[in-house]
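J.: Sequence:
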Amino acid sequence: MKTTAKTKLIVLISSILFLQSCTKAAEGSNAAPPAPELPVFTVTTSPATIYQEFPTALEGKNNVEIRSQVDGYLDRIYVEEGAYVRAGQALFKIDSRAYGEQMNMAQANLQVANANIQKAKVEVDRLQPLVAAKVVSDVQLRTAKANYAAAVAAGSQAKASVGGARINVGFTTITAPVSGYIGRIPYKKGSLISRTDPSPLTLLSDISEIYAYFSLSELDFIGFQKKYSGATLNEKLKNMPMVDLVIADNTTYPEKGKMSIVDGQFDKTTGAISVRAIFPNANGTLRTGNTGRVRMPQLFSNTLVIPQESTFEIQDKVYVYVVGKDKKVTSKPITISGKTDSYYFISEGLTAGDKIVYTGIGALKDGVMIQPKAISSDSLLRARPL
74 MKTTAKTKLI
84 VLISSILFLQ
94 SCTKAAEGSN
104 AAPPAPELPV
114 FTVTTSPATI
124 YQEFPTALEG
134 KNNVEIRSQV
144 DGYLDRIYVE
154 EGAYVRAGQA
164 LFKIDSRAYG
174 EQMNMAQANL
184 QVANANIQKA
194 KVEVDRLQPL
204 VAAKVVSDVQ
214 LRTAKANYAA
224 AVAAGSQAKA
234 SVGGARINVG
244 FTTITAPVSG
254 YIGRIPYKKG
264 SLISRTDPSP
274 LTLLSDISEI
284 YAYFSLSELD
294 FIGFQKKYSG
304 ATLNEKLKNM
314 PMVDLVIADN
324 TTYPEKGKMS
334 IVDGQFDKTT
344 GAISVRAIFP
354 NANGTLRTGN
364 TGRVRMPQLF
374 SNTLVIPQES
384 TFEIQDKVYV
394 YVVGKDKKVT
404 SKPITISGKT
414 DSYYFISEGL
424 TAGDKIVYTG
434 IGALKDGVMI
444 QPKAISSDSL
454 LRARPL
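Quick note on the numbering used here: the sequence shown kicks off at 74 and runs consecutively.
Source of the hints: derived by calculation from the structure; they are not laboratory data.
Treat the hints with caution; some may be incorrect.
Derived DSS-like pairs (lysine-lysine); straight-line CA-CA distance at most 25 angstroms [to be verified]:
1) K166 - K261
2) K341 - K390
3) K207 - K218
4) K309 - K299
5) K134 - K311
6) K446 - K398
7) K299 - K412
8) K331 - K412
9) K401 - K412
10) K311 - K329
11) K331 - K134
12) K232 - K299
13) K299 - K261
14) K412 - K400
15) K194 - K232
16) K232 - K218
17) K390 - K300
18) K331 - K299
19) K192 - K166
20) K232 - K261
21) K207 - K232
22) K438 - K401
23) K194 - K218
24) K341 - K329
25) K261 - K300
26) K428 - K438
27) K311 - K331
28) K398 - K428
29) K309 - K446
30) K398 - K412
31) K400 - K331
Treat the numbers as computed from the prediction; the structure is a model and nothing was measured.
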């Protein structure tokens, strides 16, 4: 009996120990996992500049079609394609022999007209004393005076013909109206040139300044008007900073450009308005027909800056996780006023001094506690400058 009682006691103690171990195991399985350690930084303000880029087509300050004002054979070509010429320099010569003969004819007619004027005046001078002495009728004198007036008119007409003929002779030498670069010359020596030819002799481009034309959408235009101070559009343009030009090889043109003019109305088809920027081009680097992108700066003197990877989107709204004093995170919507390739500029939703989670936000939810690992905002900006 004693052995049986002892056996029962051992079984009872073993059962109690087994239950205790099961209870501890169950308690261990229900224990909360440790809070995740995540990088956290403090939101600060910083001066920044962002850029909007607009595709552009470039044109010279003056692009002049060179055309002949007289018909004839192309006698001489004084310039080469692509050459730089100055205003007044001879470019082409049209065969002037026919126009020279026309001027000779006009001058001869002028001499005849002048002789007729002298003859008519002599007749008037002869009749005046005879009429005064009543030797002849005054009808003859009036007739003589009328003939003199007709001779003077014919002389004026002949003189105008000489002037017109001289102009035509001058038109046979075609000169550059402005300084610039010669374009393609489709005609060769001996070609028959007409004033009605569809193609010009060449295109002369004055590229001392380059006009970069581009378009602003209605929203961009409204935003542009709000950004810069001034009562009128011209005043706003004067207060706008200089713009850059990115050329076809993705390099930035060394000269800065200034916004100059805005078209008078929006295009009904595209809903955009045309704008131009003027760039100096003293070295002739840029040419008419080049393409590029106008880069328009937007200056932020003191703005909140956060990395883009610290944000997430839900239904077209952008959020960040703000870390509270209890180390719990709360999602908060933000309003973005601008961005670079790596950063957002925040206008609403955050204040300087707020602490937000930098990375690792994919598995977070509101109310989750974390172990913040502080990182410096300055170190982020040094690693990836604005």
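J.: State for each hint whether it applies.
T.: How the hints compare with the structure:
no. : hint        : result
1   : K166 - K261 : holds, 12 angstroms
2   : K341 - K390 : violated, 32 angstroms
3   : K207 - K218 : holds, 17 angstroms
4   : K309 - K299 : holds, 9 angstroms
5   : K134 - K311 : holds, 20 angstroms
6   : K446 - K398 : holds, 14 angstroms
7   : K299 - K412 : holds, 18 angstroms
8   : K331 - K412 : holds, 23 angstroms
9   : K401 - K412 : violated, 28 angstroms
10  : K311 - K329 : holds, 14 angstroms
11  : K331 - K134 : holds, 14 angstroms
12  : K232 - K299 : violated, 64 angstroms
13  : K299 - K261 : violated, 55 angstroms
14  : K412 - K400 : violated, 29 angstroms
15  : K194 - K232 : holds, 18 angstroms
16  : K232 - K218 : holds, 21 angstroms
17  : K390 - K300 : holds, 24 angstroms
18  : K331 - K299 : holds, 18 angstroms
19  : K192 - K166 : violated, 42 angstroms
20  : K232 - K261 : violated, 36 angstroms
21  : K207 - K232 : violated, 38 angstroms
22  : K438 - K401 : holds, 10 angstroms
23  : K194 - K218 : holds, 8 angstroms
24  : K341 - K329 : violated, 31 angstroms
25  : K261 - K300 : violated, 55 angstroms
26  : K428 - K438 : holds, 16 angstroms
27  : K311 - K331 : holds, 8 angstroms
28  : K398 - K428 : holds, 10 angstroms
29  : K309 - K446 : violated, 46 angstroms
30  : K398 - K412 : violated, 29 angstroms
31  : K400 - K331 : violated, 51 angstroms
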